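> The chain contents come next:
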Amino acid sequence: MFKTHYKLERYSIGLAIGIIAVASIGGIVEIAPLFTIHQTVEKAPDMRVYTPLELAGRNIYIREGCYACHSQMIRTLRDEVERYGPYSLAAESQYDHPMLWGSKRTGPDLARVGGKYSDQWQTEHLNNPRDVVPESIMPAYPFLTRTELRIDDLPKHLATQKELGVPYTDEMVANAVGDAYGQAAPDSPQAEGVKARYGDATDIRAFDGNAATVTEMDALVAYLQILGRLTDAAHKQEVTGGIK
Amino acid sequence: MGVIERDPYTGHGTTGHEWNGVKELNTAVPWLVWAFLIASVVFSVTWWILMPAWPLGTTYTKGLLGDDVRKDVAAHLQAAQEERSVWTQRIDKEDFAAIQADPALMKDVRETGHALFGDNCAACHGLKATGGPGYPDLIDKKWLWGGTPDAVFETIRAGVNSEHPDSRVSQMPAWGKDGMLDHTAITDVVAYVHSLSHPGGDGKESADELAAGQKVFADNCAACHGADGKGSTDVGAPDLTDDFWLYGGDEASIYDSVYDGRQGHMPTWESRISETDRKILTLYVLDLGRSSP
Amino acid sequence: MISTMTITERQIALLISVLVALCGIVLAAAGRHDPIGTHGLLILLAGLAGTFFILRGYYDPEPAPERLTSYFDDPIKVGIVISMIWALVAMSVGDWVAWQLAYPDLRFDGAWSSFGRLRPIHTTGIIFGFGGNALIATSFHIMQRTSRARMPDQLSPWFVLAGYNLFCVLAVTGYLIGITQSKEYAEPEWYADIWLVIVWVTYFVLYLRTLARRKEPHIYVSNWYFLAFILVVAMLHIVNNLALPISLGSSKSYSLFSGVQDAMVQWWYGHNAVAFFLTAGFLGMLYYYLPKRAARPIYSYRMSIIGFWGITFFYIWVGSHHLHYTALPQWVQTLGVTFSMMLLIPSWIAAANALLTLNGAWHKVRDDATLRFMTVAAVFYGLATFEGSFLAIRPVNSLSHYTDWTVAHVHAGTLGWNSMIVFGAFYYLVPQLWKRPRMYSPALVEVHFWLAIAGTFVYVFAMWNSGITQGLMWRTYNDSGTLAYSFVDSLIAMHPYYIARAFGGLLFLIGTAVGAYNIWMTMRTVPTVIGTQADRPVMPEPSRPILQAGE
Ligand code: HEM
Ligand code: HEM
Ligand SMILES: [Ca+2]
Ligand SMILES: [Ca+2]
Ligand SMILES: [Cu+2]
Chain A
297 MFKTHYKLER YSIGLAIGII AVASIGGIVE IAPLFTIHQT VEKAPDMRVY TPLELAGRNI
357 YIREGCYACH SQMIRTLRDE VERYGPYSLA AESQYDHPML WGSKRTGPDL ARVGGKYSDQ
417 WQTEHLNNPR DVVPESIMPA YPFLTRTELR IDDLPKHLAT QKELGVPYTD EMVANAVGDA
477 YGQAAPDSPQ AEGVKARYGD ATDIRAFDGN AATVTEMDAL VAYLQILGRL TDAAHKQEVT
537 GGIK
Chain B
96 MGVIERDPYT GHGTTGHEWN GVKELNTAVP WLVWAFLIAS VVFSVTWWIL MPAWPLGTTY
156 TKGLLGDDVR KDVAAHLQAA QEERSVWTQR IDKEDFAAIQ ADPALMKDVR ETGHALFGDN
216 CAACHGLKAT GGPGYPDLID KKWLWGGTPD AVFETIRAGV NSEHPDSRVS QMPAWGKDGM
276 LDHTAITDVV AYVHSLSHPG GDGKESADEL AAGQKVFADN CAACHGADGK GSTDVGAPDL
336 TDDFWLYGGD EASIYDSVYD GRQGHMPTWE SRISETDRKI LTLYVLDLGR SSP
Chain C
22 MISTMTITER QIALLISVLV ALCGIVLAAA GRHDPIGTHG LLILLAGLAG TFFILRGYYD
82 PEPAPERLTS YFDDPIKVGI VISMIWALVA MSVGDWVAWQ LAYPDLRFDG AWSSFGRLRP
142 IHTTGIIFGF GGNALIATSF HIMQRTSRAR MPDQLSPWFV LAGYNLFCVL AVTGYLIGIT
202 QSKEYAEPEW YADIWLVIVW VTYFVLYLRT LARRKEPHIY VSNWYFLAFI LVVAMLHIVN
262 NLALPISLGS SKSYSLFSGV QDAMVQWWYG HNAVAFFLTA GFLGMLYYYL PKRAARPIYS
322 YRMSIIGFWG ITFFYIWVGS HHLHYTALPQ WVQTLGVTFS MMLLIPSWIA AANALLTLNG
382 AWHKVRDDAT LRFMTVAAVF YGLATFEGSF LAIRPVNSLS HYTDWTVAHV HAGTLGWNSM
442 IVFGAFYYLV PQLWKRPRMY SPALVEVHFW LAIAGTFVYV FAMWNSGITQ GLMWRTYNDS
502 GTLAYSFVDS LIAMHPYYIA RAFGGLLFLI GTAVGAYNIW MTMRTVPTVI GTQADRPVMP
562 EPSRPILQAG E
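Residue numbers (the numbering used here), protein chains in the order written: chain A, 297 to 540; chain B, 96 to 388; chain C, 22 to 572.
It is worth saying that the hints were derived from the structure and are not from the lab. Take these hints with a grain of salt, some might be off.
Which chain A residues stay away from chain C? Per the calculated CB distances, all over 12 Å, these [unchecked claim]:
no. : residue
1   : D342
2   : K491
3   : D496
4   : R525
Below, simulated DSBU-like cross-link-like pairs (lysine-lysine); rule was C-alpha separation at most 35 Å, straight line [what the hints assert, rightly or not]:
no. : chain 1 : residue 1 : chain 2 : residue 2
5   : B       : K310      : B       : K272
6   : A       : K303      : C       : K236
7   : B       : K272      : A       : K491
8   : B       : K118      : A       : K303
Model, not experiment: these values are computed from the prediction. Cβ coordinates follow ideal geometry from the N, Cα and C atoms, glycine included.
Just chain A, same shape as in the assembly (with noise of 0.2 Å):
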């Protein structure tokens, strides 16, 4: 075995294609079986995609780094079900592209966190948390609701994630900029096509609490209360410790 390696360190070809050998193994093992092997993402058949507002709102999640101290992944260990509702599924982040998992705490899990408080809190609270927390040590930010959020590049967005394998319609991708802003707007006539495309059950509202404007306030704020509500899956499967 040395003897062999005693020749092998001659070759710096050599040693490079052995590294790279011995290198993909466990990747190629670890990661091409998760596209094969069909229990590994639950059915979900109920499960609906963000709208244009909330993609737009986990977009804003992302650029500010909200995941680097928020999970989104509730493990299967009975203190975080008791905590935070019925354990992840991989159902639920199928269509996140990238997922949002987080691998740190630093603030409480936001997998359930939808409709869990209301769209007036969640303002507040993002303005400043200390308003409503004293003791938080989340940032403020203040600037959400002055910034007016971008929607004319939305239906590049949904076009992307649809070819990424997301099943958006070719009606909704066409429709995501009216979408975005009936969602926030409600009085709006846009308003309607938003529930016709996205479901009954969509939230439909001026989420900043200014029906005037659409904000980056409005966005981020519809997005955290669909947290969790995309799908019933977690809910319905007995084991997850879902509430009768």
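Based on the hints, put chains B and C with the ligands in the right spot on chain A.
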């Protein structure tokens, strides 16, 4: 090929190579290293046999122990629930008064309520349930919707202005924004409302103003807040004569309440927190109020 | 800089700079309504700066042919300086965010100064800026010395160094203006990722070309590690960053992977960024500078072999230990645990091989702070890998994951191991490269050493305490069988530890500043003809004598 030397300090031979002065000894690998390496491999192989481990195309090896994290956690949750059932069953069955009368049971309520309240309610009502601007204090014995256990339980179940079909509905109209009252009427009624909780006033408002305000109040506000301003738990209209304020009792805040209107939103907890836990929360909140001065 | 290059090289460099500038213009124009436009301008600026530099020195005399009889050290010197600058910046940001976790309003009004945007500046700045530049500089040094050959040309080292730092700058400025892919340690967006591939391929080719010119029949261990570092990082980087931009005029892209597959790919990358960036490359450093400074032979060639191939093979499997109890199928988690256990053995072989090398030189460790930096690094390497394998055990991870315990582990590794070995290497290198008899102030090296040690201990102990407290509070049950603490209860309990950590970090940062000052002053003292330790001279190319007749 270089010349093999012997290291005077360790006595081991070198490999005979040198790289800018760095040499290597050809020391044999200590047996301990082999032992650990083999032990770790043996451990791993055993583990692979016992546990789900290796992928096989469209399936994977399930392991002899048949372990499954999802079943494990379900079993843990089940066991925990059974363990707690000694006292949770009594919470389910007995009425509020009976539970409140039982110190042992109330100990469980307090212990459980702390984290339950802290993780779900404290964000709005504060860790000590003392509330904050827009979010009611729950221990001050003043209730928007009534302070009986049943009323509190119902508020928690259905929420206020929530999406729940049974939600309590409350709406303080936006008298100014929606143009129902003009500016003078509003400043008058604000002065009047302010005086209700500040008998004698702060000396700034004139008697005329207060009289005018009282008239506006009787015409517009009494329907909800009562002729005496003491509020109504039927529509969740607060008592305006005490020193408890949801949105602030200074004139500027009162002005904002009257001008913009208010519509507090308390989420429904029916689908998120089990009935037992909601009952515990009710008892916990009432108990906090009871033990507060 | 420019004077070290031949005319042909200057011409190619000019061409590259102009091309970079052109790319910048294209991006700036296509992305004028998008954050990518700002980066386009930045790239344009970089291209123009390059062009300007080259033109300014274009007519300088060509380097003398005698250069071929010496090693090419100028890029190494620049790399060391840049690395120290990144260290100061990224550690300051690290300490700033540490204080923010204790006092959240310690920030400016703008979005850029919030924790979520600054944290990746710290991690990228420190790993890629500080660590990466140190790796490039030391690898240039080691590959030449252990091959007894000069780098094959004067352009590609400069290109690698400059191109790599352009990538780092694009990364951290991107976070400030809100450009990120959110993938930990791979946050830069698609165009920066593509640029890094170009730089990295050049780096690899440069490495192979230098090895091809070597005069030693065998390739030294350090180079095995550097090769593994370069190759595997390339593989990881390319796969994990596969993404589709929404348009060429937008910084935004969507990862090719989603959900559970994305999580696995991300942590296959993430863990091995640790393994091949923060470990393999740094072991390359350790394996050269420690025996060199101690003037002792490596303890065991055979242990080097087992250590190297064990690390290369086992590491790749263990990324799934970042996903225990998650929606990742359990079978992958089992593989993650078992390979993490086996991985400990080669890791400790590598650490033990370094420490046993010091047999017969322990008195030097006592007296020489530079060697002490390296020794402590090897010890912390052993500690961090032990802790890592321990944390990979599923029940342990159920407590530690998501908590500050991970942060304690990270900084035991990065402060105790990565930073210490870099400082040791730099204190060895600086007097030599700048041809000084010794560092400007050996006393300050001591001061740095003790500040670094104290800072590391305070940091790591504070985070162990907070992490374990946090983990325990989250799962403590009261007599009634229900959760005892709310999340905010645990948050309140963290406050004193967060202050302690920020203080420990400050000590470490001050140490780094002392080191930077010492290096700066060393550079400024008058050079002597001979450095501390003469290198073996470069051997002439047998086929091509250095000075041909008539030249
Ligand atoms: C002045 C010294 C330093 C201070 C004060 C410091 C502080 C911090 C802080 C506050 C965090 C965020 C932890 C959290 O999210 O809770 C962090 C993360 C991190 N730091 Fe440092 N740091 C320092 C030095 C370093 C060095 C020298 C390195 C690498 C060579 C490093 C690598 C990292 C990494 C990899 C993370 C991410 C950890 C994770 O994702 O779990 N740090 N640091
Ligand atoms: C045998 C070697 C090692 C093993 C098995 C190992 C294992 C682990 C484990 C289990 C975690 C925690 C994952 C989680 O719960 O989120 C972790 C995190 C980490 N380790 Fe290690 N570790 C090893 C060596 C090192 C070394 C030498 C460093 C050097 C700096 C290092 C740097 C890190 C970093 C940066 C993270 C944080 C990743 C993140 O969440 O952002 N590890 N490691
Ligand atoms: Ca709005
Ligand atoms: Ca990237
Ligand atoms: Cu890892």
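> Indicate, hint by hint, whether the structure satisfies it.
Taking the hints in turn, this is what the structure says about them:
1. Once the 12 Å rule is applied to beta carbons, D342/A is consistent with being away from chain C; the minimum gap is 17 Å.
2. Look at K491/A: its CB is around 26 Å from the nearest CB on chain C, clear of 12 Å, so calling it non-interface holds up.
3. Look at D496/A: its CB is around 26 Å from the nearest CB on chain C, clear of 12 Å, so calling it non-interface holds up.
4. Distance check for R525/A against chain C: the nearest CB is about 17 Å away, which clears 12 Å, and the non-interface claim stands.
5. Simply put, K310/B and K272/B have alpha-carbon atoms about 20 Å apart, close enough for the 35 Å limit, and the pair holds.
6. Note on K303/A and K236/C: the hinted pairing holds, with a Cα-Cα distance of about 16 Å set against a maximum of 35 Å.
7. Restraint check: the Cα-Cα separation between K272/B and K491/A comes to about 30 Å, which is no more than 35 Å; the hinted pair holds.
8. Straight-line distance between C-alpha atoms of K118/B and K303/A comes to about 18 Å, which keeps the hinted pair within the 35 Å bound.
In this structure, none of the earlier numbered hints is contradicted; all agree with it.
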